[in-house]
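Residue numbers (numbering that gives the first Met the number 0), protein chains in the order written: chain S, 0 to 312; chain X, 0 to 315.
It is worth saying that the hints were derived from the structure and are not from the lab. One or more hints might be untrue.
To be verified - Computed far set for chain X versus chain S, every beta-carbon distance over 10 Å: (1) G69; (2) S78; (3) Q150; (4) G160; (5) K163; (6) P164; (7) P194; (8) E238; (9) A252; (10) T272.
As the list claims (entries may be wrong) - Stretch by stretch, here's where chain S covers chain X in the computed footprint (C-beta under 8 Å, at least three residues): (11) 37 to 47; (12) 123 to 134; (13) 172 to 183; (14) 197 to 210.
C-beta: ideal position from N, C-alpha, C; glycine also.
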Amino acid sequence: MTESAVPPTERARFAVAGARANVAAALGSQPRGDVIRNNLFAGLLLLAILIALAGLVALLAQAFAEGAPALSTKLITEPPSTIDTANAGFRPALIGSVVMILFVIGLIVPLGVGAAVYLEEYADGTKWWNRVIELNIQNLAAVPSIIYGILGLGLIVRGPLDLGFVLFAGAMTLALLVLPIVIIAGREAIRAVPPSIREGSLALGATQWQTIRRQVLPAAIPGVATGVILAVSRALGETAPLLLVGATVFVTADPTPFDGNYSALPVQIFQYATRPQEEFQTLAAAGIILMLVVLIAMNSVAIWLRNRYEQKW
Amino acid sequence: MEATSIGAAGGGRPSLEAPGSRRGEKAIKGLLALCGLLSVVTTTAIVVALIGPTVGFFEEVSFGEFFTTGWFPDFNPPSFGVFDIVVGTLNVTLWGMLFAIPIGLGAAIYLAEYASPRVRKAVKPILEILAGIPTVAIGFFAVSFLLPIIQDVWPGDFLGGADKPFFALAAGLGIGLMIVPIIASISEDAMSAVPQGLREGAYAMGATKATVATRVVFPAALSGIVASIVLGISRAVGETMIVVLVAGSTPNATLNPVESIQAITSFIAVTATGDISQGSITYEAVFAAGSVLFLMTLAMNVISIRLVRRYREVYE
Chain S
0 MTESAVPPTE RARFAVAGAR ANVAAALGSQ PRGDVIRNNL FAGLLLLAIL IALAGLVALL
60 AQAFAEGAPA LSTKLITEPP STIDTANAGF RPALIGSVVM ILFVIGLIVP LGVGAAVYLE
120 EYADGTKWWN RVIELNIQNL AAVPSIIYGI LGLGLIVRGP LDLGFVLFAG AMTLALLVLP
180 IVIIAGREAI RAVPPSIREG SLALGATQWQ TIRRQVLPAA IPGVATGVIL AVSRALGETA
240 PLLLVGATVF VTADPTPFDG NYSALPVQIF QYATRPQEEF QTLAAAGIIL MLVVLIAMNS
300 VAIWLRNRYE QKW
Chain X
0 MEATSIGAAG GGRPSLEAPG SRRGEKAIKG LLALCGLLSV VTTTAIVVAL IGPTVGFFEE
60 VSFGEFFTTG WFPDFNPPSF GVFDIVVGTL NVTLWGMLFA IPIGLGAAIY LAEYASPRVR
120 KAVKPILEIL AGIPTVAIGF FAVSFLLPII QDVWPGDFLG GADKPFFALA AGLGIGLMIV
180 PIIASISEDA MSAVPQGLRE GAYAMGATKA TVATRVVFPA ALSGIVASIV LGISRAVGET
240 MIVVLVAGST PNATLNPVES IQAITSFIAV TATGDISQGS ITYEAVFAAG SVLFLMTLAM
300 NVISIRLVRR YREVYE
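All chains, please: the whole structure from these sequences, using the hints.
Set out below in structure tokens:
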């Protein structure tokens, strides 16, 4: 018995070592050309990301550097002025934006969630009209915002609704603009609720609507909330459509919803930015800081919500 | 005694037939369907809003006069050669995409193939924040930061750039910065959806990481990548505030980045502000230009939606 001289574990180790040596000899180390090309490629990719991040950092730094002198509570409490620029602010525009956003939320939450529930829970995806609705929503999400401004000008401010250039017309235009965002996010949230939850509820005798209202929607709330926040932050920063539906650039009185002139924060920023004088540029930058702080806070909440409540079933 | 009242007469067993359909349930379904239908109404409303004045416009201006160069709506007599502003839009779009495609795709490949989970978790939200920055802020950045730098570093007479304003290039770069996160996130999605088995197969044949990324993952995710680029172009074409703030207001049918141009969107935004009189030829020209813009973006959106669907179907 010569084999017993070498214990089996030792034999296994020899075999593995031999196999390794063979593989190493066959493949060798990677050719140097490959290594260089590989690293060069990875370096270029990293550079691309760094350029994108540098763009963001430069944008923020530029706004802070230029807007810092005007940063004070006057931005919030004072109306805009072309004469007394040291005391000019964004008060009416800010109020206009806040009131408009409240209207937008009131419009998009029921309409957006309703559409999402219909498409996910009721609609038969093989029927052509439901596919049309679906394609439509995806297309609407990518229609340029200024086209919504034209819609608002042609049909909401004038035409059939004939509201005139008032704040509520602006809110309706913005709501239509961001509605697809809520619907798409809502559908994803509803789809993520597993069918077993619905089946359990239906098996216990609940009707379809009871199942949706008591089981599906509560489970989908974080996803829906994320979509609503993203939609609202989009609405808050949107400028172009508001120019068309009458957000006049110089409003010194606080706005009311259904009559009189109104403005919005980004529109007021735009107005300051188009004036070449240094003091207006400073005010524009300060307004941008104000807007970005609100937006980044909102986006962070949305991202946090998504990560925190991302439910694994 | 009362229990049997549920069941049909005799047998004492409750009926298994579904109770008569509930009216409340049906009403709710109808109400929700109306919400879904609102999107179709919106699209119809957009088309209706555009068509009326556009038809009015073409009663006064012939197609031949429209599809040519020379956009001077304020002149007497006015001239409406839409190619001036269409080419202006394409100008900023071109330079924007030349910036956004390599940067966006580079970022996407890095995130999908190279980045560790920790890096990805840190970088993706930052890109999302960049995507959430309002374009009026990007426009301000382009005009007050990028434009002076371009004017400083431009190599003399390159592309006839001596003493030129460089508005189109600055606007293009601003648009590019706006598009980068769109391309990066959709492309990254598409590349992450490529099954791991394809990568492992290539590695087993001795491919390097760069080869796997460029020859295996990239082609496998191509439809998603093209979709992201098409969607990016559609966004660039429809972008308003950056071009209004930066690109200038000179209708000019040129793709040269050193010039001042006017885009379709900036014509609409500066012309249709509040005090424009309804029914005038200028008012109608706004809607005609809007129709051109809507059709351009509609075509691209449909292409990109189709492409995204294709890669989802293949790998999910």
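Here is how each hint holds up against the structure:
1. G69: Correct as stated: the minimum Cβ-Cβ distance to chain S is 23 Å, above 10 Å.
2. S78: holds, 22 Å
3. Q150: Consistent with the label, Q150/X stays out of reach of chain S, its closest Cβ about 15 Å off (over 10 Å).
4. G160: holds, 23 Å
5. K163: holds, 19 Å
6. P164: Its Cβ never comes within 10 Å of chain S, the nearest being 14 Å, so this holds.
7. P194: holds, 21 Å
8. E238: violated, 7 Å
9. A252: Consistent with the label, A252/X stays out of reach of chain S, its closest Cβ about 21 Å off (over 10 Å).
10. T272: Given that some Cβ of chain S is not farther than 10 Å from that of T272/X, nearest at about 5 Å, it is violated.
11. 37 to 47: holds (count 8)
12. 123 to 134: holds (count 10)
13. 172 to 183: holds (count 4)
14. 197 to 210: holds (count 4)
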